[in-house]
Amino acid sequence: MLGLPAEFTSEFLARLEQLRVKTRREYMGQGKGSHLSPRRGSSLEFADFRHYTPGDDFRYIDWSLYGRSDKLYIKLFKEEEDLLTYIFIDASASMGYPVKDRKFAAAITIALALAYVALSSGDRVMVRVLAGSGKPTDPVFVSGRHRIVELARQLAGIKPGGQLEFATALARELAALKRAGKVFVISDFQMMFNSIAQGMGLFVASNMDATAIQVLGGGELAANELDGDLEVIDAETGERLRVSMGRRSRDQYKATLLRLSREIRALCLQRGLRYTLYTTERNFSDFFIRAVTELGLVH
Amino acid sequence: MPPMGFLYPGALIFFALVPLLVIAYLVRERPRAVMVSSVLGYRALRALKSERPWGWPRLDWLFLIELLILSLAVLAIAEPYVIHRRTPVAVVLDNSAAMQAGVPAGTRFEAARHTLERALPDQSDVTVTLYTTAPQPRQVAGPISVAQARRALDRLQPVDAPQSAVSVAKLLGDLISGHRFTQCFFATADPVSQPLPPGLHVFRAGEPLPNFAIGSFAVGGAEFGSGALKARLTVANFSSHTQNLEVEIAAEGKMLAKAQTRVGPREIGAVDFPTLAPSSVYRADLKPADAFALDNVAYATPPSGAEIQVLFVSPTPADAAGLSSLPQLKVRTLAPEQYAPADAKADLLIFEYGMPKELPAANALIVMPPGGNEAFGLRLAPGVTAQVTDWRSPDPLTDGVNFRLLSLRQPESFAVHPWMESVVNSNLGSLILQGKHQGHRYVALGFNPFPYLGTRNLPMSVLTLNILGYLSGFGSEDSGHRTGEPWIVPAGVEKIITPAGRKIPVEPGTPFIEGSEQGVYQLIGPGAQKRLRAVNLADLSASDLENPATIKLEIGTGAVQPPDFSQRQTFTPYLIAAILILAACEALFTYRRRRSYVQAVT
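Line by line, the protein sequences give chains A and B.
Residue numbering for the first sequence follows the numbering used here, starting at 114 and increasing by one per position.
Residue numbering for the second sequence follows the numbering used here, starting at 1237 and increasing by one per position.
Be a bit skeptical, because a hint or two may be false.
Just the calculated beta-carbon pair ranges, DEER-fashion [stated by the list, open to error]:
hint	chain 1	residue 1	chain 2	residue 2	range
1	B	I1249	A	V212	35 to 41 Å
2	B	Q1384	A	G359	57 to 63 Å
3	A	L290	B	T1826	27 to 33 Å
4	B	F1251	A	V212	44 to 50 Å
5	A	K272	B	T1826	35 to 41 Å
6	B	P1239	A	G359	44 to 50 Å
7	A	K272	B	D1296	37 to 43 Å
8	B	F1299	A	D251	57 to 63 Å
9	B	T1826	A	F306	38 to 44 Å
10	A	E130	B	T1826	52 to 58 Å
11	A	L290	B	F1299	55 to 61 Å
The set of hints was computed from the structure by calculation and includes no laboratory data.
Even glycine gets a Cβ: it sits at the ideal position worked out from N, Cα and C.
In isolation and in its complexed conformation, chain B is listed as follows:
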């Protein structure tokens, strides 16, 4: 029974009015004297209470209602309240990929979950708010009861994504210093910096384990336009002794290649497969097996064998003529006035002498844009550009370009850009700007490389191929997509099927945040067009089970008065509501009685 009380108990003295009122009612007012022709007709009627001392008083609903209203009013003045004690508890469960590692009794995740379920206090006033840490810390349930929290914990599963130690530390800091919880229970496999602040209880799940992992797995071609494929893997040995690591690459259930490398303790090695048979998906398996199976497997997809759709927006569409001769490119031209962002469903957009009004949701090449563009913030440097002065090397854009032989026709230079970096500089500014924004790649040129002339203008053609290769994703140094990291839905994709078979409708150009699962995702476009995308754990820090990253808490550890979560609930609003209802009933009752009386008289 929660404790109760009155905010103004002195007001209860008004309850003395109640018996006074009752006495006054029982004593009765002096009856109204009425002269009648004879009392003969009244003799048979019921006598008054005052003439029958032990009889029941005459029932008068109005008096009873008024008595009740008075009592409620006195109670409302005294403001009765009840104190609800509340013990809010935060439960943070590490559901990162590392929690899938096995311990003798099961996985770290199961151990952590059971530990938390046991740690939860069995008090009725406890409310639990449940958080998970991967891929990003988030609240998954609550505030809920302890029993509900245990059921919610049972339903949780680890994800294939790592957790961010910084984000977890920030979450714990917010939970502890936010004074929203009396205690915080955190179960993880990662070490937490000591000393712990009061109220935080950390449960370590699992001991350090030796582990071997695939760091990255990329399959690609030698160069843009070539059909040959090669693969490269990085493997790590997170153990205290040198280990021979064997990698098998398989496709469509058949082993394609096998390689072995010897990696020293806590070292990372690389395994190259110079030639691979074409396939849509490749799977790499690392041996020997260990307690953490997730990072012993990696997937890769080759660069898309399908044609790269290029939309060439230009007032001089003839400039795009030479591009059609390049393999894998399908070029469509469009006049600038015909361009609409919603219709531009292409893998690569080229804007010649023009700029879209807003950033396109695809990789884009901007050729000699007019100055003062709001979307890109491109500004032309004043003056006449004379020559190329320097360039960034090594860089995929400048790789193999002989700038000394590069002849530029009426080049323009860009001023410093807020988020694009200069790759090639002139005497006035930047000739080539390169940048990424919301997952898309953008390149701006201060000169026009089109029309594409092939070997007739070799330096410009090499530069053009480099740019197109960069913008089409070819030759990227990225090792693919990582679990837990959002990626932008490519153009023309309507639906994504996860490795578990879940179908998710998507909108091109928007971030896809459901990629916490390791495996191959199917990107479905119109007409059942399908592209594959491999997503791997690919985070060696998560695979280091012997020396995981420490979660560094930046919270004061001094004794802090635990916050009082008692909640006082007053009944006064309910009492006032009851008074109003009773008053309305009384008014209705009185009105009806008066009306019936008037009808009887008339």
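Looking at chain A on its own, in the form it has when it is part of the complex:
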């Protein structure tokens, strides 16, 4: 549909439109929106009092407080603004393997779904691709749900490739951002745990409300096609390792991957971040709807 992934059916889009991005903090936006902002504004959400000064709108004087204290106070309300949503997609070479699992396609699908949720609720979305080949996306916010097609087209031209220094790349990206907001990081996190910890720590330091979405291939996790004596080659570093794969080895390998996932999840929870795992053999629509809370969305 209009260059969107096959999963974006009418029903699925309708369900996405019922969602919106939820943050644990209040962030200043760039325009009117539906998210409470630290700015004082004209929403119904009470924020504070301050002494009346000439020129203030009489409508905001708290007369009951004047009666008790014989002083004039003005009621301040929070402003409702749009939310700046950042979506970081890992397009390193590891996202391209195993080829059959189509991890990067799954990552793009997730990114577009999240973007559609944000755009349809009036938020601004910036999609950044880490590593990869092809024309990089522009570091600009887009708004309006119709821009999802443009985003899809841009992301379709990107192929996974190259090596990703996760923390370094994120640090560079974050340095370029002027305002904090909601962050979605979509990656397979097939990297050293230290790098993951550093990268996720940058979001905390930048006052970002981040959600880590780990994408693993179904075949990658089961490794059933790997049997016998193998020389496995790291898609990013080129490192070669000779192993003998059998049933026990596969079990051991799978346990290692799942342990890594558990450690990332624990890391995110410790730092007040969200985490969810998607394996490509699962039905995407089903996963997305079920993982609304874990993704940091709300109905």
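Here the structure of chain A is known, so what remains is to put chain B in place on it, guided by the hints.
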């Protein structure tokens, strides 16, 4: 340890493939390169053998099975074998009656047995085949080990029957010239002709002994239909001096008569007892006693006092009317179409104007049969028979018959018969044929003597009585039945009890071959009817212990290369079977692995 070897040892060079295969396996094929998202998950896995030079190789059952199959295949090509050496030995033990004669240390048989047991070589590769010689040579055990042969020898006992020197010589000839045995050990009391062929070892058991023996013992009546009994014995003196021989006849434990005769050295005498009291069994004892007790005793039974059952098969049964007047005869008539061989349980069968389709299993009289009979082969001579021309005399059939007064009504003559002899001849052929077949007596008449008229036709009546007496066994010149000789089971007998008390079910008309034991046999019929039959050694050649018959061997005595009984046993069939089993296991293993892999992927 038997010698081993390879039929094609050059094939063992293929064993070089085994280490090559092992080296190739250890060196390993180049591992398959697989691009993965990250090697982080693989770091904890076990490294390859090539990265751990001193570690154990990865165990691959398929490789081990294939290695084993290759090794077995190389061995199968080389055809390993083992040579089993075999030394077959034949042991022939004379178990004839003469071996019961005593020697100072025991009987000849025991001496012979011990000699053979000592002579057997104590080699593990020796296999023994054991033969006995009496009443007929036969194999009793084997091939068995030496220890088993000794035990089998211990179990053997001599029989009361003589051995046939001709049969024994033939047996020895077969054993020696048949190249089935490396050696043949023969223990006997009889001399064996010299020189002996190579491989034959003869052990003489016992020295020549003087001996006195009863040759024959017969008790009978004077004539058919008479109740009087008489006995006649022949006694032999196998010693170098004249000897008075005394014979005692006893019945039911009581001595009935005693007689004495003087018999010269190596002579045979006769002792007659003109009158004997009726009894069912008579026992004769010869004195003085000697080293061979068996032939000093003889048994006899009188002609059966019971009625002789006659089945008269005729389209004119009235012809049998006169026969019923004869004592001891019980006549039953039957129409020819009613006759069935299985039902004809009688001592004597008379076929008038007819013939059975097959030879009856009983003594039979054929009266004026139609020509061209298949069973008897009787053919009528063409032409009209005019008169009797000659007859055989003396003969039990013609005894006392005045052929000149014999008037024959429309007689027919028989052509020459293959196995029946002519007793009375006419101008065209035979008027009376007499013959024996499978222990039964048959008489064919070209005229009809019936009905029996008694004194009204005296010549024909005498002839009829002679024929009936001959066919019913009366007045036979036989001295009774001899040990070791088979005899035909009479009609109506279902079971025979041997002198030792052994009960043997029998079928009438079939040969009885268990009569190797001297004594009185009980022939049991339906309704516990009992007939007695005496069986004696009655072979004076077996009793001659001073000059026994020489066993004449007709075998070449030249040096003959002993046959090689080594047997080469190859293991190739077993190896091929093992290869097939392993291949099947491998196929099963591979299939299961592939199936589990497919299940895991799907």
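Structure-based check of all given hints:
Distance hint check for I1249/B and V212/A: the Cβ-Cβ separation is about 49 Å, which falls outside the suggested range of 35 to 41 Å. Our hint of 57 to 63 Å for Q1384/B and G359/A holds, since their Cβ atoms are close to 58 Å apart. Against the hinted window of 27 to 33 Å, the Cβ-Cβ separation of L290/A and T1826/B comes to about 59 Å, which falls outside the hint. At roughly 46 Å, the beta-carbon separation of F1251/B and V212/A lies within the given 44 to 50 Å, and the hint holds.
Look at K272/A against T1826/B: about 40 Å separates their beta carbons, and that is inside 35 to 41 Å. Between P1239/B and G359/A the beta carbons are some 48 Å apart, a value that agrees with the proposed interval 44 to 50 Å. At roughly 40 Å, the beta carbons of K272/A and D1296/B sit within the given window of 37 to 43 Å. Distance hint for F1299/B and D251/A: a CB-CB separation of about 59 Å, consistent with the stated range 57 to 63 Å.
At about 41 Å, the CB distance of T1826/B to F306/A agrees with the hint of 38 to 44 Å. A C-beta distance of roughly 55 Å is found between E130/A and T1826/B, which places it inside the suggested range of 52 to 58 Å. Between L290/A and F1299/B the beta carbon distance is about 59 Å. The supplied range of 55 to 61 Å therefore holds.
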